[in-house]
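Q: Now for the letters of each chain:
2 protein chains.
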Amino acid sequence: MHTFKELVAGFGERFGVRHFPETPASLYEPGEYFLSWGGKRIRPVMCLMGNELFAEISKDTWHVATAVELFHNFTLIHDDIMDQAPLRRGMETVHVKYGVNTALLTGDVMMIRAYEYLNLVTPQYLPRILELFNRTAREVCEGQQLDIDFEKMPDVSLDAYIHMISLKTSVLLAATLEMGAILGGASEGNCRHIYEFGKNLGIAFQVQDDYLDAFGDPEKFGKEVGGDIRQNKKTFLLIRAQELANAEQKKTLETLMQQNPADKVEKVLDIFRQCGVDAWAVQLKEKYLQTALKHLEDIAVVSSRKKPLEELASFLIQREY
Amino acid sequence: MHTFKELVAGFGERFGVRHFPETPASLYEPGEYFLSWGGKRIRPVMCLMGNELFAEISKDTWHVATAVELFHNFTLIHDDIMDQAPLRRGMETVHVKYGVNTALLTGDVMMIRAYEYLNLVTPQYLPRILELFNRTAREVCEGQQLDIDFEKMPDVSLDAYIHMISLKTSVLLAATLEMGAILGGASEGNCRHIYEFGKNLGIAFQVQDDYLDAFGDPEKFGKEVGGDIRQNKKTFLLIRAQELANAEQKKTLETLMQQNPADKVEKVLDIFRQCGVDAWAVQLKEKYLQTALKHLEDIAVVSSRKKPLEELASFLIQREY
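So the protein sequences, as listed, match chains S and A.
Per this note's numbering, the very first residue in the first sequence carries number 1; after that it's consecutive.
Per this note's numbering, the very first residue in the second sequence carries number 1; after that it's consecutive.
Errors might be hidden in some of the hints.
Said to hold, decoys possible - DSSO-like mimics (lysine-lysine), calculated; alpha carbons at most 27 Å apart, straight line:
(1) S:Lys234 - A:Lys97
(2) A:Lys234 - S:Lys97
(3) S:Lys233 - A:Lys234
If you are wondering where the hints come from, they were derived from the structure by calculation, not from laboratory data.
These numbers were taken from a predicted model, which means no experiment stands behind them.
Start from the sequences, fold in the hints, and give me the full structure.
A: Here's what the structure looks like:
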């Protein structure tokens, strides 16, 4: 058994190699450039953990973990194009450094490379892994499109927003755990539980992320607070506030979002507090976290094996802000 | 055995269904819109023909043919973004009708859908099919990137250009034939020959395409002649002319390309004729066609089974202009 930290280090080492051929450099260097920035490698590590919950980590699992990380990076490259993001982790994004067309192709070829790693999986497991991977990949695209759609809509229901978040971020966390579990020989019931653990944990994480962007301690949060508010980004908090606000608060919110005054963040936070969405978000996050942990509990393996996944949950969901 | 025409009709019928879920419509309608335009469906039909050369067309082959056609359409959608093309077949391109971001995602999800069809292939064949498909998909991206690179370079060698064309268009024709052959139980030697048949036929087709754009009969060619010249597009003809031209002709070519005078097409064609690239192109096309046909001849099956592939070659490569 390995701790979460050990798995992060282990995957980082294995993944820190070249993933593309040398030529044509104009296509493959941008991909290597993007991958070289590192990252938390949460998703591939979850694949390893899903596997080690049931067995010793297999070769197949390393391949799938690599495929998942490449797929995730493909989505980041294409998302950066769509968001016209100039920077990621303080580095020039691929489309800024190499042009949109090359960034588009770099993403495409990174997804194909992911499928090349998947094809190293033992034939016995290949169809089942591919089925889950394909469905999830398609869902991630659905989530991204819904996100684009929602940003243009004046009102989005909380249910619709949770559905979008679930597709855009949670299903990949759920699927990477389940793929590890499948390769560990887990039963269907256990596979279902680990998938739901990942999915609910992902939603809890996103609620927390939205909360911290508004109410986090700037020093602990690591980035300026209020970015989402400044950009009128749809978040759990904004959507809930729009549901709960009275006519006057609604009007004020709209005006603030249209006029972008200097004290916008402060004023929007006031309304959030008046509507009680701060406490509500903490409860919502806790609800999804508890659902996740219940599914983890229900997985039929000795509880000592679940420790790394509990560590993961603690790492992702900090209780104190 | 089926004729080329029968296979085109048969595939058209099978492919003319919905390929995506109903929702979210904002993601999947653009894909259905693009696929609904129809097309010659050459690539999937080549998969069926490669299969029927060795066996009765199998279920697996229909799945792979569908995957190939979806992959091809994915490349068209992303290429249109890169080329900023407003129209294709007289219809608004996806990025014009639905926006660049949705077009990008529509392409992504179409590629994933291709892999979903591939995953319907019998497990026995799946790894081999995936390996060839993945390699080819990556090569197509390489070809597209090289094409982008070459357009910015003042001089490109003929060898480099042939390499690019081969990746951008021929390898997919070669691979779709070979995947059909693999599923028909063809030997390795026969697989190699059918791959080379497709690859060389593809290059011959591209030489012809470049030739017709410059020297074709406008009525038979179906589009205005000289489009490539007007756009300074690198073609077999231009690259060869740049190699053969004397100092004065070179200078004239450069000036014409920079200044775009009204009689540019006429003047460039004059230089092409002076350098003899018109006759050269006809010979080059013939050389690749003959190489292709030699590989077809060398496939170890009775010659009567090769008839549809000969029909295909005649369809793609018209001897008269």
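Q: Against which earlier hints does the structure fall short, listed by number upward?
A: Those not satisfied come down to hint 3.
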